[in-house]
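Given only the sequences and the hints, what does the whole structure look like? Please build it.
There are 2 protein chains.
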Amino acid sequence: MIDKDAILAANAAFYQAFNQADFAEMSRIWADGDVSCIHPGWPAVTGRQAVLDSFRNIFRAPEREKIEHHDDVVMVSGSASWVLNVEIISGAALALAATNWFQRIDGEWRMIHHQASPIAATIACSLSSERLN
Amino acid sequence: MIDKDAILAANAAFYQAFNQADFAEMSRIWADGDVSCIHPGWPAVTGRQAVLDSFRNIFRAPEREKIEHHDDVVMVSGSASWVLNVEIISGAALALAATNWFQRIDGEWRMIHHQASPIAATIACSLSSERLN
Chain A
61 MIDKDAILAA
71 NAAFYQAFNQ
81 ADFAEMSRIW
91 ADGDVSCIHP
101 GWPAVTGRQA
111 VLDSFRNIFR
121 APEREKIEHH
131 DDVVMVSGSA
141 SWVLNVEIIS
151 GAALALAATN
161 WFQRIDGEWR
171 MIHHQASPIA
181 ATIACSLSSE
191 RLN
Chain B
61 MIDKDAILAA
71 NAAFYQAFNQ
81 ADFAEMSRIW
91 ADGDVSCIHP
101 GWPAVTGRQA
111 VLDSFRNIFR
121 APEREKIEHH
131 DDVVMVSGSA
141 SWVLNVEIIS
151 GAALALAATN
161 WFQRIDGEWR
171 MIHHQASPIA
181 ATIACSLSSE
191 RLN
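Heads up: the sequence lines are chains A and B, in that order.
Note that the first sequence covers residues 61 to 193 in the working numbering.
Note that the second sequence covers residues 61 to 193 in the working numbering.
Just so you know, the hints here were simulated from the structure itself, not pulled from any lab data.
Hints should not be assumed to be uniformly reliable.
Unchecked claim - Simulated crosslink set (DMTMM-like; lysine to aspartate or glutamate; CA at most 25 Å straight-line):
#: 1; chain 1: B; residue 1: K64; chain 2: A; residue 2: D92
#: 2; chain 1: A; residue 1: K64; chain 2: A; residue 2: D94
#: 3; chain 1: A; residue 1: K64; chain 2: B; residue 2: D94
#: 4; chain 1: A; residue 1: K126; chain 2: A; residue 2: D65
#: 5; chain 1: A; residue 1: K64; chain 2: A; residue 2: E85
#: 6; chain 1: B; residue 1: K126; chain 2: B; residue 2: E85
#: 7; chain 1: A; residue 1: K126; chain 2: A; residue 2: D113
#: 8; chain 1: B; residue 1: K126; chain 2: B; residue 2: D113
#: 9; chain 1: A; residue 1: K64; chain 2: B; residue 2: D92
#: 10; chain 1: A; residue 1: K126; chain 2: A; residue 2: D82
#: 11; chain 1: B; residue 1: K64; chain 2: A; residue 2: D94
#: 12; chain 1: B; residue 1: K64; chain 2: B; residue 2: D92
Stated by the list, open to error - What follows is a set of in silico ranges between Cβ atoms, one per label pair, in the way DEER data are often shown:
#: 13; chain 1: A; residue 1: P122; chain 2: B; residue 2: A180; range: 17 to 25 Å
#: 14; chain 1: A; residue 1: L68; chain 2: B; residue 2: G93; range: 13 to 21 Å
#: 15; chain 1: B; residue 1: R120; chain 2: A; residue 2: P122; range: 47 to 55 Å
#: 16; chain 1: A; residue 1: E85; chain 2: B; residue 2: G107; range: 32 to 40 Å
These numbers come from a predicted model, not from an experiment.
Heads up, the beta-carbon is just placed ideally off N, CA and C, and yes, glycines get one too.
This is the structure in structure tokens:
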């Protein structure tokens, strides 16, 4: 049996590390093997080094966005586990449909993929406000 | 050892079923357990029935878009396997960063998750052309 609470905790730890710009914790969270990340609006980043570099760059930005995650749902298929959630970005009228994939390695749920996709209603909304300015 | 060619073939079969609006084949491709799908701009759809309904609705549209997939890369972590690729949507200046997740079930690679995220350069591009019209 897969412990869904442990997966939800790993998912929450990812957002906490993001919001605290905690690079050491983000490094611990990501697995060592094949990993990939698709930040909103960007092409895929693959490989541990490139994925961690992408977070380091985000953490260095002078005004960092924070992310709230809502409606977490754990999905399980064989030994694959992923969390679906809605991300709300602070300071932007933007919601994203996100997936976070985890692999159990040496007793720990490590992240192997993150992908966040803008939800269209919010794209349309931010477009309209852009046009009004 | 995971047979990457078999995963690439499963990935190609998904796009072929999509482009041919082959609902029976799409039903065979998707697994029976936990599955999810995030179409571009939409919230997550979960569960086999809802995911297949979403494709049925797309297939019924009078003018259906076709998708070319490029730059397929197979990623493997434990028994989890996913393909990263770039999708080019016909009739739209739109490229998407997509992931397709597969689980080996009874000797077949079945799809457990699909997610396609617009790449910002193309969002910006389609916005500009919209503004010019």
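### Agreement of K64 of chain A and E85 of chain A with the hint, judged by alpha carbon distance not exceeding 25 Å
Holds - the C-alpha atoms of E85 of chain A and K64 of chain A are around 21 Å apart, at most 25 Å.
### Query
Between K64 of chain B and D92 of chain A, does the CA-CA distance stay at or below 25 Å?
Judged against 25 Å, a Cα distance of about 20 Å means the pair holds.
### Message
Can you confirm whether the C-alpha distance between K126 of chain B and D113 of chain B stays at or below 25 Å?
### Response
Holds. K126 of chain B to D113 of chain B sits at ~18 Å (cutoff 25 Å).
### Task
Starting from K64 of chain A, check that the Cα of D94 of chain B is at most 25 Å away, please.
Given pair K64 of chain A, D94 of chain B holds - Cα atoms ~13 Å apart, limit 25 Å.
### Message
Just to be sure I understand the hint, the distance between the Cβ atoms of R120 of chain B and P122 of chain A should be within 47 to 55 Å; is that true here?
### Response
Once the Cβ atoms are compared, 48 Å apart, the range 47 to 55 Å for P122 of chain A and R120 of chain B holds.
### Task
Given the hint that K126 of chain A pairs with D113 of chain A, test it: the Cα-Cα distance must not exceed 25 Å.
With Cα atoms ~18 Å apart, K126 of chain A and D113 of chain A stay inside 25 Å; holds.
#### Entry: Status of the given 13 to 21 Å range, CB of G93 of chain B versus CB of L68 of chain A
holds (19 Å)
### Task
Assess, step by step, whether the Cα of K126 of chain A is no farther than 25 Å from the Cα of D65 of chain A, and give holds or violated.
Given pair K126 of chain A, D65 of chain A holds - Cα atoms ~23 Å apart, limit 25 Å.
### Task
Take the C-alpha atoms of K64 of chain B and D94 of chain A, compute the straight-line distance between them, and say whether it is at most 25 Å.
Cα-Cα ~13 Å, so holds.
### Beta-carbon spacing of P122 of chain A to A180 of chain B - inside the hinted bounds 17 to 25 Å or not
Since P122 of chain A and A180 of chain B have Cβ atoms about 20 Å apart, the given range 17 to 25 Å holds.
### Query
Is it true that the CA of K64 of chain A sits at most 25 Å from the CA of D92 of chain B?
Between K64 of chain A and D92 of chain B the Cα gap is close to 20 Å, so the pair holds against 25 Å.
### Query
K64 of chain A and D94 of chain A: Cα distance at most 25 Å?
holds (23 Å)
Hint violations for this structure: none, all hints satisfied.
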